[in-house]
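Got chain A; can you put chain B on it based on the hints?
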Amino acid sequence: MSSDSSSWARALVHISPYTFSAIGIAVSIGVSVLGAAWGIFITGSSLIGAAIKAPRITSKNLISVIFCEAVAIYGVIVAIILQTKLESVPTSQMYAPESLRAGYAIFASGLIVGFANLVCGVCVGIIGSSCALSDAQNSSLFVKILVIEIFGSALGLFGVIVGIIMSSQATWPAKA
Amino acid sequence: MYGWEMLSFNIHDGFLEAIVRGNRSGLLTAADYNNLCQCETLDDIKMHLTATEYGPYLQNEPSPLHTTTIVEKCTLKLVDEYKHMLCQATEPLSTFLQYITYGHMIDNVVLIVTGTLHERDVNELLEKCHPLGMFDSIASLAVAQNMRELYRLVLVDTPLAPYFSECITSEDLDDMNIEIMRNTLYKAYLEDFYKFCQKLGGATAEIMCDLLSFEADRRAVNITINSIGTELTRDDRRKLYSNFGLLYPYGHEELAVCEDVDQVRGAMEKYPPYQYIFSRISYGESQMLDKAFYEEEVKRLCLSFEQQFHYAVFFAYIRLREQEIRNLMWISECVAQNQKSRVHDSVVFIF
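Residue numbers (the UniProt record's numbering), protein chains in the order written: chain A, 1 to 176; chain B, 1 to 351.
Honestly, the hints are just simulated from the structure, not real lab data.
Just so you know, even glycine gets a beta-carbon here, dropped at the ideal spot from N, CA and C.
There may be inaccurate statements among the hints.
Using 30 Å as the maximum straight-line C-alpha spacing, the simulated DSS-like pairs for lysine-lysine come out as follows [stated by the list, open to error]: (1) Lys53/A - Lys46/B; (2) Lys53/A - Lys83/B; (3) Lys53/A - Lys299/B; (4) Lys291/B - Lys46/B.
Computed footprint of chain B on chain A, listed as stretches where at least three residues anywhere in the stretch have a Cβ under 8 Å from a Cβ of chain B [as the list claims (entries may be wrong)]: (5) 36-48; (6) 52-63; (7) 127-136.
Just chain A, same shape as in the assembly (with noise of 0.2 Å):
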């Protein structure tokens, strides 16, 4: 399995599991609250401003906050679940194949939520600012931007789901 000859192959498999657990689980929540930030800050500031002079439009245009929020709360409930995927294996088992396989998966399974939700927050951000902006104009326009926008938060989803049956991989070997 662990090469003489390449060196990287051995470094990278003598990382313990754990680490890598450690670190999907740290990226699946960091950067989802990264997204959802940011999604909210380009929403925000500019309902804010065009609620000056419609203020019509505030209490509907907090759904596009509430999108981009739904997107730090999959980071959230990703998170906790991977959390509980975590098993003490012994010291022996510590490098098996099965151990690693296990810490690879929670890791990009927290890789694939965290990301896929980055983008899923900003992309509703982006046309979160565009809806206040337009229905402050023209209040027609609001339903037919929200659908666009149900549309980019579905993207968060996929990566929840696919998040999650990757994580039910992650089986560590039984205590020998």
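Positioned in the frame of chain A, the structure of chain B alone reads:
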């Protein structure tokens, strides 16, 4: 980078962009203009304007109104909105907003210098200056005798200082030289603004450079037409054209040698965007040319609102307001002088 500004634009400028778009919705529409064109007296105009966003500014005016009062109050509204945006802007938007007013500063400087030459009172001239172009030491412009003094006493402390390097001479100021000075300053200003917008990059650069190119070309045509038959030599005329725009450099070569309006038309019709403008006015006529240019400008300014996350909306909004104020001035003058048949000669509808 073009396309990625939507990620970071709203950090500093999202609020102000939303405000300027809200202000744009307050521009007068075609229906408002139709109502105004059917007014019989200036009091009717005041009544109609009070129902629009100009209400708070015109409400308290006493009854025998002058057209200058209407225009002054409407300009005051524009200045208030501009100052509101400027005080909340951060760099680079604040520099951009200040650049928009340098054109008015140049016009004010030329107004005071010309007025002093014709022995008008300084205070009277100060009242006629455009408020967006005021600066602190403007009153002391009346003391200067030639351009070198003008620069040394007053203008070196203003933002216009860098534009003077090309036109400081020791010649005395007379009408011809003042016009040349105005155009030289404006040329330097446009080039500086163009470079600044290019440095900003992204959508701002693309849209603003297009708008400024149109402005430069329009000024080139106006300079050409106004200097036909005067003693301005061809080389001097060439020096007044800007170094960018659709007409640079080949169109400028042709325009520099034009001696009448039809030759100008011949030179301009080679460029498809301007061919459209010139096809709408008949041969030998140049009065409608101004209106045709204004309409084209308004069309381009309205198009800039179609895109989000750039600064050109601020420029476009201020220009559209100025066009609206010009429209109101024309309508008020026509009504005041009882020439309502000519009202539609010069009103450019924005929406």
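Quiz prompt | Contradicted hints - numbers only | solution = none
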